[in-house]
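Undergrad: Each chain is listed here by its residues.
Protein chains: 2
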Amino acid sequence: MKITVDIPDWLEKYINPDRTLSSDEEKMLLAIEIAGKSIENGGGPFGAVITNRKTGELLSCGANLVVKNNLSILHAEIVAIMIAQKLLGSYSLARAGEFELFSSSEPCAMCLGAILWSGIKRVVWGAPSEVARNIGFDEGPVYEQSWSYLKSKGIEIVSGIKQKEAEENLYLYKQRNGAIYNP
Amino acid sequence: MKITVDIPDWLEKYINPDRTLSSDEEKMLLAIEIAGKSIENGGGPFGAVITNRKTGELLSCGANLVVKNNLSILHAEIVAIMIAQKLLGSYSLARAGEFELFSSSEPCAMCLGAILWSGIKRVVWGAPSEVARNIGFDEGPVYEQSWSYLKSKGIEIVSGIKQKEAEENLYLYKQRNGAIYNP
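Just so you know, the sequences run in chain order A and B. Take any residue in the first sequence, note its place counting from 1, add 1, and you have its number in my numbering. Take any residue in the second sequence, note its place counting from 1, add 1, and you have its number in my numbering.
Bound conformation, chain A alone:
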């Protein structure tokens, strides 16, 4: 028996190992661009990017594919982590180098936990979770001490990069009455 996750062509086209991104802003703008494309393609308003922390090389991209695949776990961060681990052939990105995750929105409770297991060394987000909560998504129990726990494990946490641009997608999604895929 196999469970198959379909990665749409539009998302796959973003995964280009020859592409190098330099600044936090540039990496975040790519995650936000993917979030926008996801809305256009009927998906959730979230995008994520994984890059090599030292070289800036693009490893993986993710978008919210919950509705498309009928799997509640397929948040943008989880999709990016799954693709990255399959490409590297390892359940721990930490064993393959130092990688950083850029997410258009603050990771939810599930994704926060998933980041810890994934071996990602640095997490950067744009919009705070309050905005996702305000448009209707139940982001779950995330507390200041939850992020402190990750920091205590050596993971760097950065928030608010290109926040305004990141929030715009969330408001656009609400305007268009996008699916709120709470249970």
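Certain hints may be false.
[What the hints assert, rightly or not] DSS-like, lysine-lysine: derived pairs with alpha carbons at most 27 Å apart:
1) B:Lys38 <-> A:Lys87
2) A:Lys3 <-> B:Lys38
3) A:Lys175 <-> B:Lys154
4) B:Lys69 <-> A:Lys69
5) B:Lys38 <-> B:Lys69
6) B:Lys69 <-> B:Lys55
7) B:Lys87 <-> A:Lys3
8) B:Lys69 <-> A:Lys154
9) B:Lys3 <-> A:Lys14
10) B:Lys87 <-> A:Lys87
11) B:Lys122 <-> A:Lys3
12) B:Lys87 <-> B:Lys165
13) B:Lys3 <-> B:Lys87
14) A:Lys87 <-> B:Lys69
These aren't lab readings, by the way, just hints derived from the structure by calculation.
Knowing the structure of chain A, use the given hints to seat chain B on it.
TA: Below, chain B alone, put in the same frame as chain A:
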């Protein structure tokens, strides 16, 4: 592009829609049996079962497949949720009925968040997370208020069913020097 999760035959054989389980103890013993089989088959020492809360019918089973599939998200609970959602064709189990998750160990931070999104209405575990932490697994930031959050969303939480039997698998795994798949 597709990401494929292989469900091993030994696990698939447990997924029997004609099987009905009656008590919490019986359901938990099945989750614990799966955890034991997982150890025998070189997987992580965790098992999970999803049943219909009203009828006791078995919907789905999961085991820890992190190492086998090289995907850090594949905890037993996540595997059981993915199989259940694929079988029902819905990203929300709540839209298909009332379902309960039995996990041999207390869910980690990631799985706690995943339960909230999945539409599961009742969670029961055997061993407390302290035991998994003691044998080396980093279960992440889970606080009393994290479970209270789920309760406030209408999810029933029950702990310590067949705890001794559940813990035995974890100690057996440590004795056998099973892989500790932290990043």
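Undergrad: Look at each hint and say if it fits the structure.
TA: Hints and how they fare:
Restraint check: the Cα-Cα separation between Lys38 (chain B) and Lys87 (chain A) comes to about 25 Å, which is no more than 27 Å; the hinted pair holds. For the hint linking Lys3 (chain A) to Lys38 (chain B), the alpha-carbon distance of about 19 Å falls within 27 Å, and the restraint holds. For the given pair, Lys175 (chain A) sits about 23 Å from Lys154 (chain B) by alpha-carbon distance, which is consistent with the 27 Å threshold. The suggested pairing of Lys69 (chain B) with Lys69 (chain A) holds, with an alpha-carbon distance near 26 Å, which does not exceed 27 Å.
With a CA separation close to 14 Å, the supplied pair Lys38 (chain B) and Lys69 (chain B) stays within the 27 Å bound. Note on Lys69 (chain B) and Lys55 (chain B): the hinted pairing is violated, with a Cα-Cα distance of about 34 Å set against a maximum of 27 Å. A hinted pair counts as satisfied when its Cα atoms are at most 27 Å apart, and Lys87 (chain B) with Lys3 (chain A) qualifies at roughly 10 Å. With a C-alpha separation of about 25 Å, the suggested pairing of Lys69 (chain B) with Lys154 (chain A) holds against the 27 Å cut-off.
With a C-alpha separation of about 13 Å, the suggested pair Lys3 (chain B) and Lys14 (chain A) falls inside the 27 Å cut-off, and the hint holds. For the suggested pair Lys87 (chain B) and Lys87 (chain A), the alpha carbons sit about 21 Å apart, so the restraint of at most 27 Å is met. Between Lys122 (chain B) and Lys3 (chain A), the direct Cα distance comes to roughly 26 Å. Compliance with the 27 Å bound is thereby established for this hinted pair. Annotation: proposed proximity of Lys87 (chain B) to Lys165 (chain B) is violated, straight-line Cα distance about 33 Å (limit 27 Å).
With a C-alpha separation of about 15 Å, the suggested pairing of Lys3 (chain B) with Lys87 (chain B) holds against the 27 Å cut-off. With a C-alpha separation of about 12 Å, the suggested pair Lys87 (chain A) and Lys69 (chain B) falls inside the 27 Å cut-off, and the hint holds.
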